[in-house]
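Novice: Numbering-wise, the sequence shown is residues 1 to 521 according to the numbering used here.
Misleading hints may appear alongside valid ones.
Claimed, not checked - Simulated DEER-style distance windows between Cβ atoms: (1) Asp94 to Asn311: 46 to 54 angstroms; (2) Glu259 to Lys497: 33 to 41 angstroms; (3) Phe516 to Glu291: 51 to 59 angstroms; (4) Leu408 to Asn513: 33 to 41 angstroms; (5) Gly320 to Glu401: 52 to 60 angstroms; (6) Lys402 to Leu345: 33 to 41 angstroms.
To be verified - In the DSSO-like style, the derived pairs of lysine-lysine whose C-alpha atoms are separated by at most 30 angstroms in a straight line are: (7) Lys302 to Lys257; (8) Lys521 to Lys510; (9) Lys302 to Lys143; (10) Lys392 to Lys155; (11) Lys180 to Lys456; (12) Lys237 to Lys429; (13) Lys129 to Lys158; (14) Lys257 to Lys287; (15) Lys155 to Lys172; (16) Lys429 to Lys101; (17) Lys143 to Lys158; (18) Lys429 to Lys512.
No lab work stands behind these hints, which were simulated from the structure alone. All values reported here derive from a predicted model rather than from experimental measurement. The beta-carbon is built from N, C-alpha and C at its ideal position, and this holds for glycine as well.
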Amino acid sequence: MLEFDTVVIGSGLAGLSAAYHSSKYGRVAIVTKSQLDVSNSYYAQGGIAAAIADEDSPEQHAHDTLVTGRGICDHDAVDVLVNEGRERVHELIDLGMQFDKENGEFVLGLEGGHTKRRILHAGGDATGKELTLFKLRLIRENKNVEAFEYVVAVKLLKHHNAIVGLQAYDFKTNENILFKTKAVIVATGGLSRVFARSTNPHTATGDGIALAYDAGARLADLEFVQFHPSALCLPGKEAYLISEAVRGEGAWLLNSKGERFMKDIHPLAELAPRDVVAYSIFRQIQKSDVERIYLSLKHLDKEKIRNRFKNIDRHLREFGFDLTEDNLPIAPAAHYMVGGIRTNLDAETNISGLFVCGEAASTGVMGANRLASNSLLECLVFGKRASEKAAKLVASEHLVEKPEPITLDAGNEQLFLTYQHEVAQIMSKKLGIVRNREDLEAALSRLSEIVSEFDKDQNEYNLIKIRNMSLISKLIAQSALIREESRGGHIREDFQKENPDFKTHIIQQKNKNIEFEPIRK
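Take the sequences, apply the hints, and build the full model.
Specialist: This is how it looks when you write it as structure tokens:
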């Protein structure tokens, strides 16, 4: 048993930000099921949105966020994001973070849904990596922070609806670890790996969301899953993200006939909000015999494009493509969990001492569809808020009781892989970009069967993973079935318009009926 003031689960930008700020108030443990530098944040190519230009303002940033969020954003949370976000970015710059500059001025990019150039980049198209490594350096120099790599969180320990500890399993030593703590900050990222085709690393399976749900935390807006419009599409290969910033610099989307189609669909053409672009690509694929469309940069300045997107260019060359000369085969892929564990403005859940930040959270800023490059900003803003509120908590005198130990049986790995494949197929075929009642009911029925098969107290890690993965998928299907409209990242063939009656959050909580929570102004 180990004792810390705060335990942070996850090592993406949200987790590292929370750990950095928490270290000012006490001892911090970072628990991560892989290495410290494996996260969605690390792979984020686009950048971080902040209204730092003279001709921009937090009010305009808020307006763009609210428009893209399709009426489901909580206005107070958006105000916090755009105002404190600017402060957090300046704070990073003061600490020495190097964002890209030209002639002494920050280079600001444009992405879908933004009406101003406000996207800061680092290393061209490696912003997530540069930001994460910068935060990691601050963490590694900090004596108050201890990292536990290849350690997976398996159970939140509570007493009187307050967090008193965390049970975890160490893959290296095969031992259970009990962390006694007054606060747990969940920063485990998203769940897009429950889909067959995803831009996320293999670790993004929604474990943290299942962990919080089991402890009694409220979840919100799980039906809104963002599909990134432009992921490389090659037979037998993983989806490789081609940043939205590429379209921000003027790339065109072409259908199988070589026709540019977005300009006839939306006034912002290729830079329309992601849900519009992904849906339009889906429709183009449906009309043709091929599973992809094309991204073309042939008409743009080749030297400028190669300098701006060095990493993407290098990666595409490994697949035999030239970023500036070839039509790149692309198709949408599951990319970002818009909903998540419901929090207040301090990133705290309905359980005292349980906080959430980053993609795992539903802070209210994303609405029905995330505005591009707001995600890294959300990590910074709510990571700091979580740590400051956690620091004010008083540790419980309650003795942490030892739970049943978790084991790992390699004999169950194949069983997990079998179920993982089945769940991924269900999610992709029945809960993809476009949904309908028949598919959702079929998905819900089968996912419920898998959950009930594994829903007893599991103490073997592979069986826990099957149960968590199928549970999260079931909850997505359940909320998608309830939302009888099309809005943002949730599109129903059988309810094709927005319905004002559904301008509300759908709340799911263990052993409780579905609730509808009003949008906060």
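Novice: Please go over all the hints and tell whether each is borne out by the structure.
Specialist: Each hint tested on the structure:
1. Asp94 to Asn311: 46 to 54 angstroms: Between Asp94 and Asn311, where Cβ atoms are some 27 angstroms apart, the hint is violated.
2. Glu259 to Lys497: 33 to 41 angstroms: violated, 27 angstroms
3. Phe516 to Glu291: 51 to 59 angstroms: Distance hint for Phe516, Glu291 is violated at roughly 37 angstroms.
4. Leu408 to Asn513: 33 to 41 angstroms: Between Leu408 and Asn513, where Cβ atoms are some 36 angstroms apart, the hint holds.
5. Gly320 to Glu401: 52 to 60 angstroms: At roughly 58 angstroms between Cβ atoms, Glu401 and Gly320 fall inside 52 to 60 angstroms, so the hint holds.
6. Lys402 to Leu345: 33 to 41 angstroms: holds, 36 angstroms
7. Lys302 to Lys257: Holds, at about 24 angstroms.
8. Lys521 to Lys510: Measuring from Cα to Cα gives roughly 27 angstroms; hence the hint holds.
9. Lys302 to Lys143: Cα-Cα ~47 angstroms, so violated.
10. Lys392 to Lys155: holds, 23 angstroms
11. Lys180 to Lys456: holds, 26 angstroms
12. Lys237 to Lys429: holds, 18 angstroms
13. Lys129 to Lys158: violated, 35 angstroms
14. Lys257 to Lys287: Holds, because 11 angstroms separates the two Cα atoms, which is no more than 30 angstroms.
15. Lys155 to Lys172: holds, 19 angstroms
16. Lys429 to Lys101: violated, 43 angstroms
17. Lys143 to Lys158: It holds: about 28 angstroms lies between the C-alpha atoms, which stays within 30 angstroms.
18. Lys429 to Lys512: holds, 29 angstroms
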